[in-house]
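A.B. asks: Residues per chain are reported as follows:
Protein chains: 2
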Amino acid sequence: MVSRQAARLLADTPAIAEAHFRAEAEPYDARLRPDGYLNLGTAENRLLWDLLDERLASLAAADPMTEATARYAPLHGTGVLRERVAGLLSATCRTPLDADDLVVISGATGALDAIASVLCDPGEAIVVPAPYYGAFDTDLGGRSGARILPAPLDPADGFRLTAEAVERALKQAAAEGITVRAVALSSPSNPVGEVHGPEVLAAVLRVARDHDVDVISDEIYAHAVFGPHAFTSAADPAVNPHWAARTHVVWGFAKDFGLPGLKTGVLHTRDPEVLAAARAVAYFAPVSTATQHTLAGLLADPVWVASFLAAGRRRLGDSYGHLVALLDAHGIPYAPAEAGFSVWLDLRRWLPGTGFDAERRLWRGLFETAKVSILPGGAFRSPEPGWFRLCHTVAAPLVAEAVRRIAAHLEGEHGTRPLDDPSNGRHP
Amino acid sequence: MVSRQAARLLADTPAIAEAHFRAEAEPYDARLRPDGYLNLGTAENRLLWDLLDERLASLAAADPMTEATARYAPLHGTGVLRERVAGLLSATCRTPLDADDLVVISGATGALDAIASVLCDPGEAIVVPAPYYGAFDTDLGGRSGARILPAPLDPADGFRLTAEAVERALKQAAAEGITVRAVALSSPSNPVGEVHGPEVLAAVLRVARDHDVDVISDEIYAHAVFGPHAFTSAADPAVNPHWAARTHVVWGFAKDFGLPGLKTGVLHTRDPEVLAAARAVAYFAPVSTATQHTLAGLLADPVWVASFLAAGRRRLGDSYGHLVALLDAHGIPYAPAEAGFSVWLDLRRWLPGTGFDAERRLWRGLFETAKVSILPGGAFRSPEPGWFRLCHTVAAPLVAEAVRRIAAHLEGEHGTRPLDDPSNGRHP
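Going down the list, the sequences are from chains A and B. Per our numbering, the first sequence starts with residue 1, numbered consecutively. Per our numbering, the second sequence starts with residue 1, numbered consecutively.
In isolation and in its complexed conformation, chain A is listed as follows (with noise of 0.2 angstroms):
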C-alpha cells in the first residue's frame, strides 16, 4: 500500500504523456511509414534544431564538461547559469532581475511544483484561467496537495484572459470557504496562443492585489512570439508597479529554446521567504550540472541569442501561417494565435453528441482512425466541449498530412456537413 500523496500521483497521472509516447513509438514516415502515427499533441519546437546544432557542439568541443563542471555546485543552480538567465529575463521582463532571486529547477515543472509547494498546504487552492495547460494540475498540485480551481473563460470571446472571471472565481471559493493562496497564468496563454495585453495583466495584478493571492506567472513561451503584439511579463513594472514581490515567474529552455529534453526550468521571486523556501525544495530537484554548464554556454553570446530568439520567432510564424492556410482551406474553424506552437481548433460542429463525452469520442476517432494525435479541450479543462490543441510545430509537410487526415475524417463522419461551408467558421 502506498502513501496518500502516491495514490493522489496516481490517480492523476497526465494523459498527455502517454499519449505521446504511444504516438512516437510509431510515427508517420512518408516513405517508410505512411500510415504511421501523426504527433502533433505535444508542445515541441521541432522547428529549431538546425540552429542549434552547431553551436552545441562548437560548445562543447571549445568547452567542454571540466572537473569543476562535474562537483557539486549550488543546488538551487550554478552562479554563472542564473547570471545568464537574469541577463535574458531582464530584457524580457523590462526590469533587471537579480540571479540570487532566481531559483534553477528541474524543468519548468519543477519550478511549478516549488512554487505550488511554498505557497499551499493541502487543500487550499489556486485559481487558474481556463482552458489552461492541462499538467498544471500536477505540475502545481500533484506533490503540493493545492486545489486547482478553473475560472471559466468565455467561448465567445475567444477565451481571452479577462479580470473578471479571475475576480468570479477568487469570489466564488471565498464564498465555499475554500482558502485560495495564488492565482496561476500561462503568459503567453497555452492552449490558445494569446498575448495577454498590458491592460488585461496590469487587470489580474490588481485583482491578485485586491485579494491578497499571489500570483504565478508561468512565461515558458515567453520568446515564442510571432505576432503583432510585443510580449508583457507580470514581472514589468509597468504592469505590477505595486505587486511584484507577490508575483513569482516561471521560465525554462523546454519551448523557447527547443530543449525539453534538458529539463532546466527556473523561478523567479522577489520574496526572500518564498525564495528561501523555493531553494530548499529545488535541493530535491536540481539540474545536472554538464547541463547548467551547456546552457550557459548557448546564453553566453548575447548576439547569438538575438538571432536565435529572432529566427525562432519567424519560423514560429511561418508555421502558424502555414497552418492555419490549411485550415481555412478546409473550413476548420480557430482561435487565431499570436504565441505558443499551437492552435485551438473549433471542432464543436462534429462533436458525435454533446458534452465531453462526445469530445473524447471525436479525439478517440482522430487517435486511432485518423492517427492523428492532437489534444481535446477536456485535458485543458475547456470550459465547453468541442475545441482541440494542434501543437504545428513539426515539418510543414507533416503538418500539411494531419490537417488533411482530420479534414478527411471529420468528413467521413459527418459527410452531410461539407467542411468548406464558409458559414459554419468562426474564424475565417
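Just so you know, the hints here were simulated from the structure itself, not pulled from any lab data. Among these hints, one or two may not hold up.
Copies of one chain are not kept apart here, so a pair can be met inside one copy or by any two copies together.
List time: in silico SDA-like cross-link candidates among lysine to any residue, alpha-carbon distance up to 25 angstroms [as the list claims (entries may be wrong)]:
1. Lys371 - Ala306
2. Lys371 - Pro74
3. Lys171 - Ala329
4. Lys371 - Tyr72
5. Lys371 - Arg71
6. Lys371 - Ala68
7. Lys171 - Val324
8. Lys371 - Ala25
9. Lys171 - Leu326
10. Lys171 - Pro352
11. Lys171 - Gly365
12. Lys371 - Arg33
13. Lys171 - Ala400
Given chain A's structure and the hints, the job is docking chain B onto it.
C.D. replies: Same frame as chain A, now just chain B:
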C-alpha cells in the same frame, strides 16, 4: 507566509551543504593561499577525474547530443540508460535487475525522496541505524513528512550494524504507537565505512519482514569498497530470499563515478505499485536527457567500466592507507573502514566538556581556527559525542596538511594530553 511543508524544509536545511560552500570559497593552496580552508567535510571523490576526463571528451566528440537527445524522453529515465544501469547493478547485486524496475531521478536525494514519499504518509516513520548520513533527515523526511527514528548502534562495537539495534527501534516505535513503514540503511555504511556482511544483512531483512516494514538500501557506495570483504547488496537473493519485493535499492553516479554534479540517481524496486508511484514522483525531478546520454555512453563499454571501477577502488584503498598512517603517527584514533570516502575519527578525549555542545565547540575550533572542514558526529545523529567524519578522497598533500592542522589544534587545546600517548587510542 509559506506553507507548512516549506516551513519544515526551511527549518531543516542540511548544515553539510553550508560548510561545503564556505570552505570551497577560500580553498587552501600550498603556494597561493596557505591559510585557506581544507574541505574534508564533503564526500566527493576527487581522485577519479583523470580517469574520466578523456573518456568523457571522446564520448562527446564521437556521440554528441542530437535532436533526438534534446527531445522529451520517458521522465523516469531513458531506456538506454536504464538498460545499462541494470546491466551494471545486476552484477553488483548478483541478481538480474530489470531495466523497467529502475527509475532514474535527480540524484540519490531524488531517489530517497521518491521512495520515502511513496511509502510514508506524514508522521509515519523510517528507522535508520545511527550514526547515519545526516542528509537522510532531509532526503527521506523533508518532502514526505516522514519521521526518522535513529536506531543507535554501539560505540563500543565500532558502531557496527546489528539486527538487534534495528529491532529494538522497531519495538520501541510500536510501543510508542508510531507507525513505521521502512528501515533505511547506507550500505556500505556512511559515515563509518562498514561493508555489511551477508549475515547481518540477512538478519536485518528478517527483522524487517517480521515487522512487515519495507527496506530502503542506499547502495551509492557499492563500488567504493577497498577492504577485504566483498560488497553484498540487500537485493542479493543469497541474503534476501523472502523480502525482495519489499526491498528498494538506491544508487547513483555521484560516488562510484565521482560525478556528484550530474545529479543522477536511480531507484530499483520490484513492487509494481511502488514502481508506478515512484515514476509519478520522478515526473517532478527528471534528469536532463543530455546527461543521461553522457552517462549511458560511460556505461556502454563494460571493459572500460570494470577497469575504471577497479582503478577507483585501488586509489580509494591507497588514500585510506595514507590517511590512517598519518592518524596513527599522530595518535588520533578512528573506527577502521573498508569502504566509502571517509574515516570516522574518535576525538572523544579532546572534547572540551561533555555532550554534543562540546562536540560543536571542538568542530567550530577546527573549522574557524585550524580551517579544516570535517563534520561533527551530531550531524550524523551519532549515539555519542566526540566522533567526526573526515573525507580523505582529495589530493594526498591536502590530507597530510589537514591531519597536521587537526593534530596541532588538538594538541594546542589539550597540551597536557600528548597526542602520541598510545594508551589513549581506541584503534591502533
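A.B. asks: Next step is simple, just say for each hint if it's right about the structure.
C.D. replies: Consistency of the hints with the structure:
1. Within a single copy, Lys371 and Ala306 get their C-alpha atoms no closer than 38 angstroms, and across copies no closer than 46 angstroms, so neither meets the 25 angstroms cut-off.
2. In the homo-oligomer, the alpha carbons of Lys371 and Pro74 lie at most 25 angstroms apart only across protomers (21 angstroms), although the nearest pairing inside one protomer, at 45 angstroms, exceeds that limit.
3. In this homomeric assembly, Lys171 and Ala329 never come within 25 angstroms of each other (Cα to Cα): the closest approach is 43 angstroms inside a single copy and 74 angstroms across copies.
4. Taking the shortest alpha-carbon separations for Lys371 and Tyr72, only the inter-copy value of 20 angstroms comes in at or below 25 angstroms, while the best intra-copy value is 46 angstroms.
5. Only between protomers do Lys371 and Arg71 lie at most 25 angstroms apart by alpha-carbon distance; the minimum there is 21 angstroms, versus 46 angstroms within a single protomer.
6. Proximity of Lys371 and Ala68 under a CA criterion of 25 angstroms is satisfied inter-copy only: 22 angstroms between copies versus 48 angstroms inside one chain copy.
7. Taking the shortest alpha-carbon separations for Lys171 and Val324, neither the intra-copy value of 38 angstroms nor the inter-copy value of 69 angstroms comes in at or below 25 angstroms.
8. Taking the shortest alpha-carbon separations for Lys371 and Ala25, only the intra-copy value of 12 angstroms comes in at or below 25 angstroms, while the best inter-copy value is 57 angstroms.
9. Neither within a single protomer nor between protomers do Lys171 and Leu326 lie at most 25 angstroms apart by alpha-carbon distance, with minima of 42 angstroms and 71 angstroms respectively.
10. Taking the shortest Cα distances, Lys171 and Pro352 never come within 25 angstroms of each other, neither inside one copy (36 angstroms) nor across copies (62 angstroms).
11. In this homomeric assembly, Lys171 and Gly365 never come within 25 angstroms of each other (Cα to Cα): the closest approach is 39 angstroms inside a single copy and 58 angstroms across copies.
12. Only within a single protomer do Lys371 and Arg33 lie at most 25 angstroms apart by alpha-carbon distance; the minimum there is 12 angstroms, versus 66 angstroms between protomers.
13. Taking the closest pair of Cα atoms, Lys171 and Ala400 never come within 25 angstroms of each other, the shortest separation being 45 angstroms inside a single copy and 67 angstroms across copies.
Of the numbered hints given earlier, the model fails hints 1, 3, 7, 9, 10, 11 and 13; all others are met.
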